[in-house]
Structure formats: structure tokens, C-alpha cells
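Asker: Just so you know, the sequences run in chain order B and A. The first sequence begins at 0 in numbering that gives the first Met the number 0 and counts up one residue at a time. The second sequence begins at 0 in numbering that gives the first Met the number 0 and counts up one residue at a time.
Keep in mind the hints are simulated off the structure, nothing from the lab. Please read all numbers here as calculations on a predicted model, not as lab measurements. Keep in mind that the hints are not guaranteed to be accurate.
To be verified - Partner residues are not named here, just some residues of chain A that face chain B (Cβ under 7 Å, in silico): (1) L26; (2) T28; (3) Y39; (4) W110; (5) L114; (6) L119; (7) I177; (8) L181; (9) D187; (10) G189; (11) F196; (12) G247.
Built from N, CA and C at the ideal position, the CB exists for glycine as well.
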Amino acid sequence: MLRAYTLAFLLFLYAPILLLPVFAFNEGTVIAFPLDGFTTEWFGRLTTTPTLHRALANSLLVATASAVLATALGLMAARAAVRYRFRGKGAAMGLIMLPLVLPEIIVATSLLVVVVRILGLPLSLLTVVAAHTLICTPFAVAILNASFSNLDPALEEAAVDLGETRASTFRLVTLPLIMPGIVASLLISFTISLDEFIIAFFLTGSDPTLPVYVWSLLRFPRELPTIMALGTILVIVSIALLTLAEWSRRRGLRRTGAQDTGGFLAQ
Amino acid sequence: MDQDDRRGWTLLAPPFLYALALLAAPLLTILVFSFWTQDYLTIDRTLTLANYEEAVTDPLYRQLMLRSVTVAGLVTLATVVLAYPVAYFVSFHVDPGRKSLWLFLITIPFWTSYLLRVFLWKVILGYNGVLNSALTGLGIIDEPLTFLLYNVNAVVITLAHAFAPFAILPIFVALEKIDRSLLEASRDLGEGRLRTFLRVTLPLSMPGVVAAVLIVFIPTIGDYVTPALVGGPGGLLIANMIQTQFLGLNNQPMGATLAVIAMLVVTVIALAFVLVTRRWTRA
Numbered sequence: 000m001l002r003a004y005t006l007a008f009l010l011f012l013y014a015p016i017l018l019l020p021v022f023a024f025n026e027g028t029v030i031a032f033p034l035d036g037f038t039t040e041w042f043g044r045l046t047t048t049p050t051l052h053r054a055l056a057n058s059l060l061v062a063t064a065s066a067v068l069a070t071a072l073g074l075m076a077a078r079a080a081v082r083y084r085f086r087g088k089g090a091a092m093g094l095i096m097l098p099l100v101l102p103e104i105i106v107a108t109s110l111l112v113v114v115v116r117i118l119g120l121p122l123s124l125l126t127v128v129a130a131h132t133l134i135c136t137p138f139a140v141a142i143l144n145a146s147f148s149n150l151d152p153a154l155e156e157a158a159v160d161l162g163e164t165r166a167s168t169f170r171l172v173t174l175p176l177i178m179p180g181i182v183a184s185l186l187i188s189f190t191i192s193l194d195e196f197i198i199a200f201f202l203t204g205s206d207p208t209l210p211v212y213v214w215s216l217l218r219f220p221r222e223l224p225t226i227m228a229l230g231t232i233l234v235i236v237s238i239a240l241l242t243l244a245e246w247s248r249r250r251g252l253r254r255t256g257a258q259d260t261g262g263f264l265a266q
Numbered sequence: 000m001d002q003d004d005r006r007g008w009t010l011l012a013p014p015f016l017y018a019l020a021l022l023a024a025p026l027l028t029i030l031v032f033s034f035w036t037q038d039y040l041t042i043d044r045t046l047t048l049a050n051y052e053e054a055v056t057d058p059l060y061r062q063l064m065l066r067s068v069t070v071a072g073l074v075t076l077a078t079v080v081l082a083y084p085v086a087y088f089v090s091f092h093v094d095p096g097r098k099s100l101w102l103f104l105i106t107i108p109f110w111t112s113y114l115l116r117v118f119l120w121k122v123i124l125g126y127n128g129v130l131n132s133a134l135t136g137l138g139i140i141d142e143p144l145t146f147l148l149y150n151v152n153a154v155v156i157t158l159a160h161a162f163a164p165f166a167i168l169p170i171f172v173a174l175e176k177i178d179r180s181l182l183e184a185s186r187d188l189g190e191g192r193l194r195t196f197l198r199v200t201l202p203l204s205m206p207g208v209v210a211a212v213l214i215v216f217i218p219t220i221g222d223y224v225t226p227a228l229v230g231g232p233g234g235l236l237i238a239n240m241i242q243t244q245f246l247g248l249n250n251q252p253m254g255a256t257l258a259v260i261a262m263l264v265v266t267v268i269a270l271a272f273v274l275v276t277r278r279w280t281r282a
């Protein structure tokens with residue numbers, strides 16, 4: 000019973016994603032049933048749309064920069080949180096993790112006001128990177144927290160006892176052990192940024208990211224089949240990235256000899 | 000300051016300062032902004048409650064706010080009730096070695112193509128949509144159902160779908176923490192399955208349920224994409240109005256006021272909920 004329910008729930012979760020390829024390969028231009036016939040025309044059209052390529056390049060740039068920055072910030076926060084006990088830690092970590100529960104529109108509007116009204120700066124891909132770094136950092140912290148928690152402190156102490164400095168211990172012992180966590184954090188942050196729309200819509204200037212570009216096309220029924228084709232490719236890429244991240248996360252757990260308890264956010 | 004203090008803060012300083020500059024400061028700014036007014040393009044920096052007065056008295060804003068809170072409440076209820084059995088199944092009936100695979104499968108849709116997922120609900124629920132085609136094809140209905148799309152129902156369904164993994168994970172974590180010997184003890188003492196669940200499992204998993212409620216209820220208020228795509232004119236929410244004030248009507252102080260009020264309302268409701276459940280689980 001419970002198993003059947005869970006499987007039905009998974010079907011509910013995957014229903015929209017499973018429909019993407021159905022309409023991407025459908026010959027008809029209307030996104031509805033009945034289907035018309037098989038075609039790969041819409042995928043072909045993706046290769047001949049320069050505005051799309053431009054938006055894709057923007058998104059890849061933003062996602063890469065956000066992933067690197069969020070992981071670097073997450074690394075420091077997670078290390079401090081796991082390794083040291085100090086005054087004000089709870090409050091500081093609370094602020095860093097806050098974007099996880101804050102409505103995205105609040106993050107978007109408050110940054111918009113500061114950038115445009117207070118600082119008088121133009122909106123650009125940089126403002127999107129700044130915001131995406133902010134919302135990806137909590138995910139990076141959550142993943143890296145687990146990596147650091149599973150690390151046996153005795154390993155680091157042994158290295159220090161054997162004459163390594165704190166810096167070289169980190170580089171030679173700690174870093175290799177948490178590397179899978181870092182890779183997972185990079186991939187997850189990249190995926191989140193690549194897909195994020197609500198904030199990007201407020202903070203992009205004239206140069207759109209991919210989701211903002213897709214949003215502008217959703218109003219034109221003529222473009223919908225092409226969007227379905229694009230969506231199909233994006234879903235496949237996202238699933239590949241997430242699978243890689245999950246694989247890396249588990250490898251990290253095995254390396255530190257920890258018990259696997261669940262997914263990225265369930266630790 | 001001892002060594003831990005110094006080293007800890009040195010490490011934490013960059014992420015903390017980043018959050019301070021890009022989160023705390025902007026939040027404070029928007030709070031100040033909400034007390035300013037805008038006339039055309041010039042912003043009047045005199046502190047005034049005029050926006051707040053307008054927000055509370057204007058029937059349109061009140062209606063949108065009320066609808067947003069109702070929708071957020073319905074979405075939270077639907078998500079948590081639907082998610083609990085899934086979390087329970089994964090925690091209690093899945094082989095420990097395969098649990099992370101199940102959780103992975105559950106979280107994948109959450110991280111992919113948010114915009115297109117919402118759009119595809121329009122395709123599923125529409126007049127010529129997947130659901131109507133299937134139902135008429137099977138002969139269950141003669142005419143396509145029209146109450147599915149472009150109303151509050153569609154917004155609730157789509158948001159419940161988007162937030163499902165957010166609800167499953169905290170409940171799963173709480174269920175995992177339950178000492179299984181407590182359940183055996185309850186059974187040994189003669190309680191049935193249902194009573195064991197109601198008197199042991201459910202109360203012990205309440206922290207997860209509370210976390211799930213908060214993590215779904217609060218962000219739901221900020222979604223303007225779902226109402227815009229599937230809500231129709233009768234399904235628009237306060238976030239759509241905030242978005243319009245900021246980007247369309249260009250009355251940013253009013254948008255800031257609505258954002259502050261929305262945050263206040265959800266925070267107060269969330270705190271009240273936490274307090275009530277805390278008292279209830281203790282008793």
C-alpha cells in the first residue's frame with residue numbers, strides 16, 4: 000500500500016518532466032494532445048538561434064562563477080562551524096543559512112533596491128552572480144558540513160604531530176578527504192544557479208540568463224516546441240550533473256568511512 | 000578572546016560579511032524604503048506610514064494578501080500531508096543501503112527546470128490538456144473540466160508539486176532519528192500498529208513536521224511565477240503585486256511595503272504555529 004502510494008507520488012513528481020520529451024519530439028506546434036508525429040526539427044532549431052546561444056553562454060558564466068564563490072564561502076563557513084566553538088557562531092550561521100527559507104522575491108527586491116536605488120549601479124550579470132552566490136552558499140554549507148563532520152580529527156592531529164604546519168595539514172590531509180564534498184557542492188550550486196529564475200528576472204540587465212530568455216519566449220506559442228526541446232536537453236544535463244554530485248558525495252562518505260544516511264539535504 | 004574564538008571568526012568572517020552586505024543590509028534597506036514614498040520618478044525620503052495605510056485599507060491589497068496566506072496554508076497542508084507517507088515509507092520500509100537512492104530520486108525534480116515544470120502544469124491541467132484528454136479518452140467525462148486551470152486550485156497543485164521534496168526531507172530526518180526500540184516497546188506493551196504510530200512515531204516526528212511546515216509555508220508567499228502562469232486573473236497573489244510594483248508600475252516603495260508586510264504576516268503565523276505545536280507536543 001505504502002509502496003504503491005510512494006510510487007504514485009514519484010509519478011506525480013516526475014509527470015511534468017516526463018512530458019517534456021513527448022512534446023519536444025512532437026510534430027504539432029500546439030502543446031496538447033493528441034500528438035501529431037515524430038520530428039527532430041525543434042532540436043535543429045536550437046542550433047540556429049543566436050539569442051539562445053548568447054543566453055546559454057551567460058547562464059554558464061553566471062553558474063560557474065556562483066558555484067565557485069558559493070563553494071569557497073561555504074567551505075569557510077562549514078569549517079568554522081564544525082571545527083571551532085566560539086561566541087556568536089549560532090547567530091552568524093543563522094544569517095548565512097537564512098536564504099534557504101527566505102522567499103526569493105524578498106532577496107530579489109531588496110538587492111534590486113540596493114543596487115539600483117542606493118548604489119546607482121547598472122544591472123548586469125554581475126548582480127545575478129552576487130545574488131546566486133548568496134542563495135547557493137547555504138546548500139554548499141549543508142553539503143560541506145557533512146564532509147567536515149565525518150572527518151576524523153585524529154587524522155589532522157596526527158599530521159600536525161608529525162611536523163606538518165596547519166596550512167600543509169589542510170592541503171595534504173583535509174582537502175583530499177573533503178574533495179568529493181567540494182565537487183558535490185560545486186555541481187549542486189551550478190545546477191541551482193543554472194535553473195534559477197525568480198531572482199535572475201529582477202537582477203539581469205539587458206543581457207538575459209537562460210531561464211529569463213525562456214520566460215520571454217513562453218508568451219509566443221510559436222516558440223513553445225523549441226522550448227520543449229531546450230527543456231529536454233536541460234533536464235538531461237541537470238540530472239547528469241546531480242548524479243555526478245551524488246556519486247561524488249557517496250565517494251566522500253566512503254573515503255571517510257562514514258555511514259550514508261541520505262541525500263544532500265538530509266544530513 | 001581565546002584561540003577558538005579568533006580562528007573561528009577569521010574563517011567565518013568572509014561568508015558572514017558577504018551575508019551581512021548582500022542580505023542583512025539589503026533587508027534593512029528595504030525596510031527603510033517601505034517608509035518612503037514615490038511620486039512618479041522622484042522618491043520622497045520623508046519617513047511616513049502612508050504606504051502601510053494604503054496597504055491595509057486598499058481592498059485589492061487586502062484581498063491579495065488574504066488569498067496568498069490562504070494559498071500558502073493550503074499548499075503547506077497538502078504538501079506535508081502528502082509527503083509524510085513518502086518519508087515514512089523511505090525511513091521504515093526501504094533497505095538502509097537504498098535510502099539515499101530513493102531520496103535522490105525524490106529531490107531530482109526539485110532541481111530541474113523550475114520554469115518549465117510550472118509551465119507544463121498548464122499543459123497538464125489545460126482545457127485540451129493531458130488530464131482532460133485522458134479523462135475524456137477513458138470515457139470518464141464527456142466535457143473537458145474547466146475548474147482545473149486558471150484559478151487558485153491550479154496554483155495550489157503546482158506549488159505543492161514544487162515544494163514536495165522540501166517537505167519530505169525534514170520529516171525523513173526526524174523519522175530516522177526515532178529509536179526503533181521505542182516502537183518495539185510500544186508493541187510489546189500491547190499497543191496496536193495504529194496506536195503505536197499515533198502515540199509514539201507521530202509525536203516523535205513532530206520536529207520534522209514543524210520544519211517541513213516552515214520550509215514550505217514561508218517561501219511559498221514569494222512565488223510569482225506559478226500564479227502568473229497557471230493562476231489566471233483570480234489566482235494572482237501578493238508576490239505578483241510586489242513584482243508589478245517593482246518592475247511594472249515602478250512604485251518601488253509600495254512594493255517594499257507589501258514585501259515587508261508579507262514577510263511580517265508569514266513570520267507571525269509561522270511563530271504562532273511553532274509555539275502552538277511546541278505546547279501541544281509537550282502536553
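Asker: Determine for every hint whether it applies to the structure shown.
Answerer: Structure-based check of all given hints:
With a least beta-carbon distance of about 5 Å to chain B, the hint placing L26(A) at the interface is held under the 7 Å criterion. For T28(A), the interface hint holds, the least distance from its beta-carbon to any beta-carbon of chain B being 5 Å, beneath 7 Å. A least Cβ separation of about 15 Å between Y39(A) and chain B goes past the 7 Å threshold, and the interface hint is therefore violated. Evaluation of the W110(A) hint against chain B yields a held restraint, the C-beta minimum of about 5 Å falling below 7 Å.
Proximity of L114(A) to chain B holds as hinted, the smallest CB-CB distance being about 5 Å (cut-off 7 Å). Interface hint status for L119(A): upheld, as the beta-carbon distance to the closest one in chain B is roughly 4 Å, under 7 Å. With a cut of 7 Å, the hint placing I177(A) at the interface with chain B is violated, because the nearest CB-to-CB distance is about 14 Å. Interface hint at L181(A): violated, since its Cβ lies 19 Å from the closest Cβ of chain B, which is beyond the 7 Å cut-off.
A cut of 7 Å between beta carbons decides the hint on D187(A): the least distance to chain B is about 23 Å, and the hint is violated. Here the hint on G189(A) is broken, as its CB sits about 24 Å from the closest CB of chain B, past 7 Å. Taking 7 Å as the C-beta cut-off, the interface hint given for F196(A) is violated, the closest approach to chain B being about 12 Å. Given the 7 Å rule on beta carbons, the hint for G247(A) is violated: about 12 Å separates it from the nearest Cβ of chain B.
The structure fails to meet hints 3, 7, 8, 9, 10, 11 and 12 from the earlier list, while all remaining hints are met.
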